[in-house]
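J.: Now for the letters of each chain:
Number of protein chains: 2
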Amino acid sequence: MTSNGLPETLADALQTRFAERFQTGMAICAQHGATTTWLENQPPDAVVFPQSTAEVAEIVALCSASQVPIIPFGAGSSLEGQLNAPYGGVSVDLTRMDSILAVHPEDMDCVVQPGVIRSRLNEHLRDTGLFFPLDPGADATLGGMAATRASGTMAVQYGTMKDVVMSVEAVMADGRVIRTGHRARKSAAGYDLTRLLVGSEGTLAIITELTLRLQGIPEGIAAARCSFQSIEAASKAVIAVLQTGSRVARIELLDALTVKAVNRYSKQSLPEMPLLLAEFHGSHASVKEQSQAFAEIASEFGAADLVWTANHEERARLWQARHDVFWAVLGLRPGAKGISTDVCVPISRLAECIVAATTHAETLGLIAPIAGHVGDGNFHNLILINPDSPEEVAAAKSYIGWLNQLALSMEGTCTGEHGVGQGKQAYLVAELGPALHDMLAIKRALDPKGIMNPGKMLYGEIGGH
Amino acid sequence: MTSNGLPETLADALQTRFAERFQTGMAICAQHGATTTWLENQPPDAVVFPQSTAEVAEIVALCSASQVPIIPFGAGSSLEGQLNAPYGGVSVDLTRMDSILAVHPEDMDCVVQPGVIRSRLNEHLRDTGLFFPLDPGADATLGGMAATRASGTMAVQYGTMKDVVMSVEAVMADGRVIRTGHRARKSAAGYDLTRLLVGSEGTLAIITELTLRLQGIPEGIAAARCSFQSIEAASKAVIAVLQTGSRVARIELLDALTVKAVNRYSKQSLPEMPLLLAEFHGSHASVKEQSQAFAEIASEFGAADLVWTANHEERARLWQARHDVFWAVLGLRPGAKGISTDVCVPISRLAECIVAATTHAETLGLIAPIAGHVGDGNFHNLILINPDSPEEVAAAKSYIGWLNQLALSMEGTCTGEHGVGQGKQAYLVAELGPALHDMLAIKRALDPKGIMNPGKMLYGEIGGH
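Here the protein sequences come in this chain order: A and B. Read in order, the letters of the first sequence correspond to residues 1179 to 1643 in our numbering. Read in order, the letters of the second sequence correspond to residues 1179 to 1643 in our numbering.
It cannot be assumed that every hint is accurate.
One copy or two, it doesn't matter: identical chains are merged, so the pair holds either way.
Cross-link-like lysine to any residue pairs, in silico, SDA-like; alpha carbons within 20 angstroms at most [claimed, not checked]: (1) K1466 <-> A1208; (2) K1466 <-> R1442; (3) K1575 <-> R1274; (4) K1627 <-> Q1245; (5) K1575 <-> A1434; (6) K1575 <-> S1518; (7) K1575 <-> Q1245; (8) K1515 <-> S1277.
Think of the hints as simulated: they come from the structure by calculation, not from any bench.
Pulled out of the complex, with its shape left as it was, chain A reads as follows (with noise of 0.2 angstroms):
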């Protein structure tokens, strides 16, 4: 072993390879582990920035050898404790594979490096009249997202990554360079390995290429908001106007909390009320129809303020509400920590789900409001604590518990978007039970050695780990 953890003949070989890419700095260790969570901060022994896949299969193959541990980096924006090294190892930070290595508009698709940042690809894209919908939030690398099967404010229309990604090129734990498929837009060639990578948390195979679907910008868009008197009122809305057929390309829920953390922190002043966004996109005609039909819903739920716009910046205006949540909800609190839960109901047990849960979080004296992606039933809150107060901290992993629990029973997710990682370990076990045995087998028989991101996702792994 050397100093850094990794043994003396692998940190030599990388150190030899990689030169200055090769790093070993406490500083950089640690803003390598999982920063962006309420998890402890695990740094890995080392980091290693590679410029090619040929790279990462060297790197794997290194690190299969001496049996280290390999942890995938992309924007070190993921929620559960993805990024952290509990067992040591090396961390593979891939922003350096950044190009975009092809748009074909005809086949509206793309292929590009994993290290490529969701924003930069739309820039890259606005000449074509194309884009790529998916927008989880945080600026996220699409490996990244690709690897914890993220989604977002889009999902509703679009889909989430396990829909836009085509296939993927990836290095297994052998260091051997797969490709789960080319560019027809479907296909029934063999086990869908693309989806089975997607959302595997880099505890497979570190992806090193993506095919992506992209979507034609629309003619127009519109968003409406609008508030209602109860969260019920307003999830009835929703369930309404999904089921005429109508093409939401996002509809999104704050609770009333929520609207008053926005309302001080971006000095607007919208009532203080459960509140729903939502955005149409289509030609000019639809929009304005899809708008004035979710309009007429809306108010059959008692919807008041409506408020509707095509224009460009008001528009921005009206989503700037939603993009400023979790910032405006940190200032409800100042200094204290957010913890973001992630469950996914089915859209009728949505309201139910949610009301219990602001109840239940108050009886704890947890100050926790929501926000949703309640077109698809998703909805997180940001628990906010003081963690160095033992009493807070228990009181929210009690909530958090309690809350997945209830998701479950309503045959619902622990985790919507956000993906298992550290945090929901136990979770997955009480929502999949049997089918674990399942995923246990395909890592073992992909990962033997159990060097790909061990410690995530599944319990009783194996190897050292």
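Keeping the supplied structure of chain A fixed, place chain B upon it in accordance with the hints.
T.: For chain B alone, kept in the frame of chain A given last:
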């Protein structure tokens, strides 16, 4: 061994347990081999008709104990030999598991057993205002459609089975029952076993229950048809329509020979030129707008004889041309056997692929008209051969091999929707190469005895097979 080829202990156990629901007659076994394909019929040794998940689990456990192959069976409409029993074994006929277990209108989903036939689900749903959107042509079972990752004419708007199956219950190779998810509209909980089982063709598990996403029946439906001077012009029109972000529910292409066959069979008088059929779903106003936009774009590419309608009967007549294709084409050469190809390529390459395919088929002296799900880049030749002519069989095989290689050279796939089965194993290797290693590792991990539909999809399986 008994006379039917099964080990005596297994035959006795199944006979005792299932009585008249265990059958070994030659006729019933032959019906359960692959009868709708050009591949040789390889009947199983016996057929058993379970009525519950528990019974499927019992059958699998018994077969596992004797290391006897298990072949799941639905409507028998698969096209690549997925139902053949090259190593004998037990066909598990799931058609008696045909209950619609739940419909959740607010959540727009339903839970069904695998033997439910697609058309029956839609009859059942009619009063709810919802429908199940996929239409693969054959009136297949939903379990079979999931197992082969089927799609059909509606995939361009509504996706394939990978998109509409939310989760499944399945019996694994050791007889354990698992559930891959619940009813949340999205989830990031663990490996995506749902998508792994969808398209696995019975080689990993038997699907015993499916949760399916439904769609709201649109307020308006409009259909259009028009004729083009060339396949290129028709393909370019399709690309232009898709790029506008227009929501096309179906967009189908028939080549001139197929149109000729349809005219003869259905006594129509369509221009014997490449024909596009399109359908739009939405509000009355939006389908009118989309039809008009379609007409404008089609005209730019030289479309003639454009006919469009929102009238139900007229629309039914318009689509009749498409639905008649299989029988109409067979009518071009009475007594011939039809062999279907299934390549899918990026849309930008589609015209080139179809034109080359037509020329090559002519060179080989084959009658091989084309109909395609052109919005996805997927098309089928129906090759008409005399199965007793070794020359014609050889020419057809040569053509299929050439076409699959052409599709791969265009970054496409050898199978858009029919699956691999026995017919495309070699092409799967050509298409995904190194990834086959990982598929085989998964197969061995989840089915160590190699009893689940052996001899399909992957070469080099384990056990006796």
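J.: Against this structure, judge whether each hint is valid.
T.: A quick look at each hint next to the structure:
Taking the shortest alpha-carbon separations for K1466 and A1208, neither the intra-copy value of 50 angstroms nor the inter-copy value of 58 angstroms comes in at or below 20 angstroms. Taking the shortest Cα distances, K1466 and R1442 never come within 20 angstroms of each other, neither inside one copy (31 angstroms) nor across copies (45 angstroms). In this homomeric assembly, K1575 and R1274 never come within 20 angstroms of each other (Cα to Cα): the closest approach is 37 angstroms inside a single copy and 47 angstroms across copies. Taking the closest pair of Cα atoms, K1627 and Q1245 come within 20 angstroms of each other only inside a single copy of the chain (7 angstroms); across copies the shortest separation is 29 angstroms, beyond that limit.
Taking the closest pair of Cα atoms, K1575 and A1434 never come within 20 angstroms of each other, the shortest separation being 23 angstroms inside a single copy and 66 angstroms across copies. In this assembly of identical chains, the alpha carbons of K1575 and S1518 lie at most 20 angstroms apart only when taken from the same copy (11 angstroms versus 57 angstroms across copies). Taking the shortest Cα distances, K1575 and Q1245 never come within 20 angstroms of each other, neither inside one copy (34 angstroms) nor across copies (47 angstroms). Within a single copy, K1515 and S1277 get their C-alpha atoms no closer than 35 angstroms, and across copies no closer than 50 angstroms, so neither meets the 20 angstroms cut-off.
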